[in-house]
Amino acid sequence: MTERKVTIQSLVHYFSSTMSSEMASRRPIASLVWEWPLQGGDGKANVALDARYFTSKDISVKVVGEMVEIRMEHETSGVFGGVKRSLTRCYHLPENIDPSTIKSELNKDGQLVIRGSKKAL
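Counting from 1, position 39 in the sequence shown corresponds to residue 39 in the UniProt record's numbering; the numbering is continuous, with no gaps.
These aren't lab readings, by the way, just hints derived from the structure by calculation. Check each hint, because a few of them may be wrong.
Said to hold, decoys possible - With a cut-off of at most 20 Å between alpha-carbon atoms, the simulated EDC-like pairs for lysine to aspartate or glutamate come out as follows:
hint, residue 1, residue 2
1, Lys-62, Asp-50
2, Lys-108, Asp-50
3, Lys-57, Asp-98
4, Lys-57, Glu-75
5, Lys-103, Glu-66
6, Lys-103, Asp-58
7, Lys-119, Glu-95
8, Lys-44, Glu-69
9, Lys-118, Glu-69
10, Lys-84, Glu-73
11, Lys-118, Glu-66
12, Lys-103, Glu-69
13, Lys-44, Glu-95
14, Lys-118, Glu-95
15, Lys-57, Glu-69
16, Lys-119, Glu-66
17, Lys-108, Asp-58
18, Lys-108, Glu-66
19, Lys-119, Asp-98
Start from the sequences and build out the full structure, keeping to the hints where you can.
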C-alpha cells in the first residue's frame, strides 16, 4: 500500500466531488475542514457531535494524516416512506495532539465523543 500525503486541498477536492452540486453551491469550501474545538483538559482534547439518530454501526471515524474524518449514515424505510440521514465532517487536529491516540465512543445520550491525547514532550 502506498502512503499518500493528505492536504487540506486534497480533502476539499474529495469532499467537493462527493457532494451534490446543489449542496456544494450552498456550502463555502473553507467550511469543509473544521478546526478542532478547544475542549478538554489534563492533556486531552475532545469533540462531541449530536449522533442521536445513528447507531455505532452507522458511524465511521478515521484518522487521515492530520485530519479526523467522521461519517454518519443511516437510512430507514416504512409503510409511509423513508428517512435518510448523513453527516460528514472533517476536523483538522491541533499540532499538539497525537493522531495515534484518537478514540471515539457513542455515549448513552447519543453523543459521539472523539478524544485525543497531547503528544509527549
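Evaluation of the provided hints:
The hinted pair formed by Lys-62 and Asp-50 meets the criterion: a straight-line CA distance of about 18 Å does not exceed 20 Å. Between the alpha carbons of Lys-108 and Asp-50 the distance comes to roughly 11 Å, so the proposed pair stays at or under 20 Å and holds. For the suggested pair Lys-57 and Asp-98, the alpha carbons sit about 25 Å apart, so the restraint of at most 20 Å is broken. Taken as a hint, the Lys-57 and Glu-75 pair is honoured in the structure, with Cα atoms around 12 Å apart against an allowance of 20 Å.
Annotation: proposed proximity of Lys-103 to Glu-66 holds, straight-line Cα distance about 14 Å (limit 20 Å). For the proposed pair Lys-103 and Asp-58, the alpha carbon gap of about 16 Å is at most 20 Å, so the pair holds. Restraint check for Lys-119 and Glu-95: the C-alpha separation of about 9 Å stays at or below 20 Å, so the hint holds. For the hint linking Lys-44 to Glu-69, the alpha-carbon distance of about 19 Å falls within 20 Å, and the restraint holds.
Restraint check for Lys-118 and Glu-69: the C-alpha separation of about 19 Å stays at or below 20 Å, so the hint holds. Of the pairs offered as hints, the one joining Lys-84 and Glu-73 holds, with about 8 Å between alpha carbons and a cut-off of 20 Å not exceeded. The straight-line distance between the Cα atoms of Lys-118 and Glu-66 is roughly 13 Å, inside the 20 Å bound, and the hint therefore holds. Taking the CA atoms of Lys-103 and Glu-69, the gap is near 12 Å; set against the 20 Å cutoff, the hint holds.
For the proposed pair Lys-44 and Glu-95, the alpha carbon gap of about 13 Å is at most 20 Å, so the pair holds. Taken as a hint, the Lys-118 and Glu-95 pair is honoured in the structure, with Cα atoms around 9 Å apart against an allowance of 20 Å. A threshold of 20 Å between alpha carbons decides the hint, and for Lys-57 with Glu-69 the separation of about 16 Å falls inside it, so the pair holds. Of the supplied pair hints, the one linking Lys-119 and Glu-66 holds, its CA atoms being roughly 13 Å apart against a limit of 20 Å.
Restraint check for Lys-108 and Asp-58: the C-alpha separation of about 15 Å stays at or below 20 Å, so the hint holds. Of the supplied pair hints, the one linking Lys-108 and Glu-66 is violated, its CA atoms being roughly 29 Å apart against a limit of 20 Å. Taking the CA atoms of Lys-119 and Asp-98, the gap is near 5 Å; set against the 20 Å cutoff, the hint holds.
In summary, the structure is inconsistent with hints 3 and 18 from the numbered list given earlier, while agreeing with the others.
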